[in-house]
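Could you put together the complete structure from these sequences and hints?
Protein chains in written order, with this note's numbering: chain A, 8 to 154; chain B, 7 to 192.
Don't take each hint at face value.
Where chain A lies over chain B, by a calculated footprint (3+ residues, C-beta under 8 angstroms) [to be verified]:
(1) 63 to 76
(2) 159 to 172
Quick list of the computed label-pair ranges, beta carbon to beta carbon [to be verified]:
(3) A:Lys43 with B:Lys171: 52 to 60 angstroms
(4) B:Lys68 with A:Pro98: 19 to 27 angstroms
(5) B:Lys124 with A:Lys9: 22 to 30 angstroms
(6) B:Glu152 with A:Lys44: 44 to 52 angstroms
(7) A:Lys78 with B:Asn30: 31 to 39 angstroms
(8) A:Glu145 with B:Cys176: 31 to 39 angstroms
Computed footprint of chain A on chain B; a stretch qualifies when at least three of its residues, placed anywhere within it, have a C-beta under 8 angstroms from a C-beta of chain A [as the list claims (entries may be wrong)]:
(9) 8 to 16
(10) 25 to 37
(11) 45 to 59
Read the hints as simulated data drawn from the structure, not as lab findings.
The beta carbon of each residue, even a glycine, is placed where N, CA and C say it ideally should be.
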Amino acid sequence: MKHIKGKTLIVSLYVDDLIYTGNCEELFEEFKCSMKKNFSMTNLGKMKYFLGVEVIQNAKGIFIHQQKYAKEVLSKFGMEDCNLVCNPIVPGSKLTKNEGGKCVDVTNFKQIIGSLMYLLATRPDLAYSVFSIARFMEKPTEMIKQL
Amino acid sequence: MKRILRYLKGNITLGILYEKEKMNYRLEGWTDSDYAGDLDDRKSTSGYVFKLGTGALSWSSKKQPIVTLYTTEAEFVAASSCACQAIWLRRVLHHLGQTHEECTKLFCDNSSSIKLSKNPIMHGRCKHIDVRFHFLRDLTKDGVVELVHHKTEDQIADIFTKPLKLDSFCKLRAGLGICEFDSLDY
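As structure tokens, this is what we get:
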């Protein structure tokens, strides 16, 4: 982050991915040149894809989504051809521990929760339902999984 | 769990839209809580969301760490965690050159917690709400946040606290700025 007389340059870095924005073209050029001098890197232009989040920038505004990632999640857990529903959780339902229910594979359960959590970056509508089942991560039962 | 994946399959194209024309750079927060929603340990769930322009910027749905005795108390716990996030977001925005001089509005549908945040009264039912109580009241006094009443129907933080009926779910989802990719015209 750099401020010079009202001009701003913001750089965001994650391991080997780098994005930058700001309000001054000159600063952009200066930054690009200095980076290219020191590191070998390619300029991919306007941000379209960053850490699994797809970005569309147009005259109307900025749209962020994770369609590609969501498809990967569905195919990873064998749900590409499942039936569709309109809301992620049964209205008014309450989940309880169900002691004594048949246990399921904890690793698989955790993997699904983890993948869904990453999706929350652009899908707050899933937040409640994902976190309500994440509470059963310690001892997931067949009932929770099949819901 | 399978239902979530089924829902995802049916609504895979959804994403968040930050509209350019309606962008006002004003930070607004919504806070809500259910009451004793967990039947196993009777803790409540708090939810909050912050919007900048048309799109949701930051959100949370979290089971509260403590058992609360009254709905007002549960709402108050939710409001104070929302206020913490508000402080942080204000700081981030300040760093990005968007200083908020005015206080950040937090919309809440519980009028008694709003009154509690403004009026330094102490009575039997809230005697035990200690740290959070004073924290939120201090912030209100300093003009950092302000709790404002908002009717329950359009309370977009509701989506983070309870399983909603389909029509209200869709309405609140749209309120978060979530829409179809196709509805964008180029």
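Hints, one by one, checked against the model:
1. 63 to 76: holds (count 5)
2. 159 to 172: holds (count 8)
3. A:Lys43 with B:Lys171: 52 to 60 angstroms: For Lys43 (chain A) and Lys171 (chain B) the Cβ distance comes to about 55 angstroms; the hint holds.
4. B:Lys68 with A:Pro98: 19 to 27 angstroms: Distance hint for Lys68 (chain B), Pro98 (chain A) holds at roughly 21 angstroms.
5. B:Lys124 with A:Lys9: 22 to 30 angstroms: About 41 angstroms separates the Cβ atoms of Lys124 (chain B) and Lys9 (chain A), which means 22 to 30 angstroms is violated.
6. B:Glu152 with A:Lys44: 44 to 52 angstroms: holds (50 angstroms)
7. A:Lys78 with B:Asn30: 31 to 39 angstroms: Given range 31 to 39 angstroms: holds, Cβ gap about 34 angstroms.
8. A:Glu145 with B:Cys176: 31 to 39 angstroms: Given range 31 to 39 angstroms: holds, Cβ gap about 33 angstroms.
9. 8 to 16: holds (count 9)
10. 25 to 37: holds (count 4)
11. 45 to 59: holds (count 5)
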